[in-house]
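A.B. asks: Kindly generate the complete structure, drawing on both the sequences and the hints.
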Amino acid sequence: MKSAVVQLPGLNRDRDMIAALTKISGRAPITVWQTETEIPDVDLIVIPGGFSYGDYLRCGAIAARMPVMQAIKEKADRGVKVLGVCNGFQILVEAGMLPGALMRNSSLKFVCKEVKLEVVNAETDFTRAYEKGQVIRCPVAHHDGNYFVDSKLLSSLEDNGQVVFRYAEGTNPNGSLSDIAGVMNRSGNVLGMMPHPENLIEAAHGGSDGRGIFASALDVVAATA
Amino acid sequence: MTVTLKNGVLDPQGKAIEGALGSLGFAGVGHVRQGKVFDIELDGADKAKAEADLKAMCEKLLANTVIENYAISLD
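If you read the sequences in order, they're chains A and B.
Under our numbering, the first residue of the first sequence carries the number 1, and numbering increases by one thereafter.
Under our numbering, the first residue of the second sequence carries the number 1, and numbering increases by one thereafter.
I should point out that these hints are in silico values taken from the structure, not numbers from a laboratory.
Among the hints, a few may not be true.
[Stated by the list, open to error] Here are the simulated DSS-like pairs of lysine-lysine, each with C-alpha atoms no more than 30 Å apart in a straight line: (1) B:LYS15 to B:LYS47; (2) A:LYS109 to B:LYS15; (3) A:LYS152 to B:LYS15; (4) B:LYS15 to A:LYS113; (5) B:LYS60 to A:LYS75; (6) A:LYS73 to B:LYS6; (7) A:LYS75 to A:LYS109; (8) B:LYS60 to A:LYS73; (9) B:LYS6 to B:LYS47; (10) A:LYS116 to B:LYS15; (11) B:LYS6 to A:LYS109.
C.D. replies: Right, dumping it as structure tokens:
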């Protein structure tokens, strides 16, 4: 399975993401710069975390208007899997590839800690290594992770199984509506999440709960029999 | 252009400012909403075109219409 990592000025989690993808898939991802208008054939495109364009205007707003995003949209429309983590999630939302918006944390503080995530939908290309309702550990590090959608859209997201992860056991770090930590698009090939699974993939990280997301997306685990 | 959060969208920064105004002793302060102002200089004298361009700028970049409203004023 081939993957690509998108690089934009101000992103700083790209190296962690490249390391995680290399370790889990056995091959290094291709890196794609923001001005590129064509993306090589890959099965998974990842937009990592950081502070693209210094979070100017709104987090992810400028990055979402860069040429590479049009190329990613075209790939996603053809079914290629796209994962956005943290700033990557904010960029996907700003690009209109995922519903809703990510607002300033309700505490107004940057949060950097470990939370618990409930796998709400385990029948996705990104979560089939987990079981429905499974609670996993995952680090978060963000200032604007407070997910918002209007109530009508929220119920349609829930009805369609688009809410993939929720903060569990009272660990919601940002005031996110309905404890939402990760959502996917209607067709299920684009996932955005605030927590950083790439930082919990091996013993040296203190656990490997985040590994299943990449293993699922990269087809390292067999599809559910 | 001014961009503000829609009604019904929680504005934690506005809330914090509201609290701070209260603690400075300003009585009678109701709801505070924080927003953004953009001053944009445009070439040309066609007001209708300017307004249409500014509206498109708000829709495409300056406001996130999921959570924000915008208002345009031309001088």
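A.B. asks: Against the 30 Å threshold, does the CA-CA distance of LYS6 (chain B) and LYS47 (chain B) hold or violate the hint?
C.D. replies: holds, 27 Å
A.B. asks: Take a quick look at whether LYS15 (chain B) and LYS113 (chain A) sit within 30 Å of each other, Cα to Cα.
C.D. replies: Given that 30 Å is the threshold and the Cα spacing comes to 25 Å, the pair holds.
A.B. asks: Tell me if the straight-line CA distance from LYS6 (chain B) to LYS109 (chain A) falls inside 30 Å.
C.D. replies: Holds, because 22 Å separates the two Cα atoms, which is no more than 30 Å.
A.B. asks: Tell me if the straight-line CA distance from LYS73 (chain A) to LYS6 (chain B) falls inside 30 Å.
C.D. replies: Given that 30 Å is the threshold and the Cα spacing comes to 28 Å, the pair holds.
A.B. asks: Next pair to validate is LYS75 (chain A) with LYS109 (chain A); report whether the Cα-Cα distance is within 30 Å.
C.D. replies: violated, 35 Å
A.B. asks: For the pair supplied as a hint, LYS60 (chain B) and LYS75 (chain A), confirm whether the alpha-carbon distance does not exceed 30 Å.
C.D. replies: holds, 22 Å
A.B. asks: Are the Cα atoms of LYS109 (chain A) and LYS15 (chain B) separated by 30 Å or less?
C.D. replies: holds, 14 Å
A.B. asks: Assess, step by step, whether the Cα of LYS60 (chain B) is no farther than 30 Å from the Cα of LYS73 (chain A), and give holds or violated.
C.D. replies: holds, 16 Å
A.B. asks: Taking 30 Å as the top limit, are the C-alpha atoms of LYS116 (chain A) and LYS15 (chain B) close enough?
C.D. replies: holds, 28 Å
A.B. asks: Hinted pair, alpha-carbon criterion (30 Å max): LYS152 (chain A), LYS15 (chain B). Please report holds or violated.
C.D. replies: OK: LYS152 (chain A) and LYS15 (chain B) at ~25 Å, within 30 Å.
A.B. asks: Please work out if LYS15 (chain B) and LYS47 (chain B) have their alpha carbons no farther apart than 30 Å.
C.D. replies: violated, 37 Å
In summary, the structure is inconsistent with hints 1, 7 from the numbered list given earlier, while agreeing with the others.
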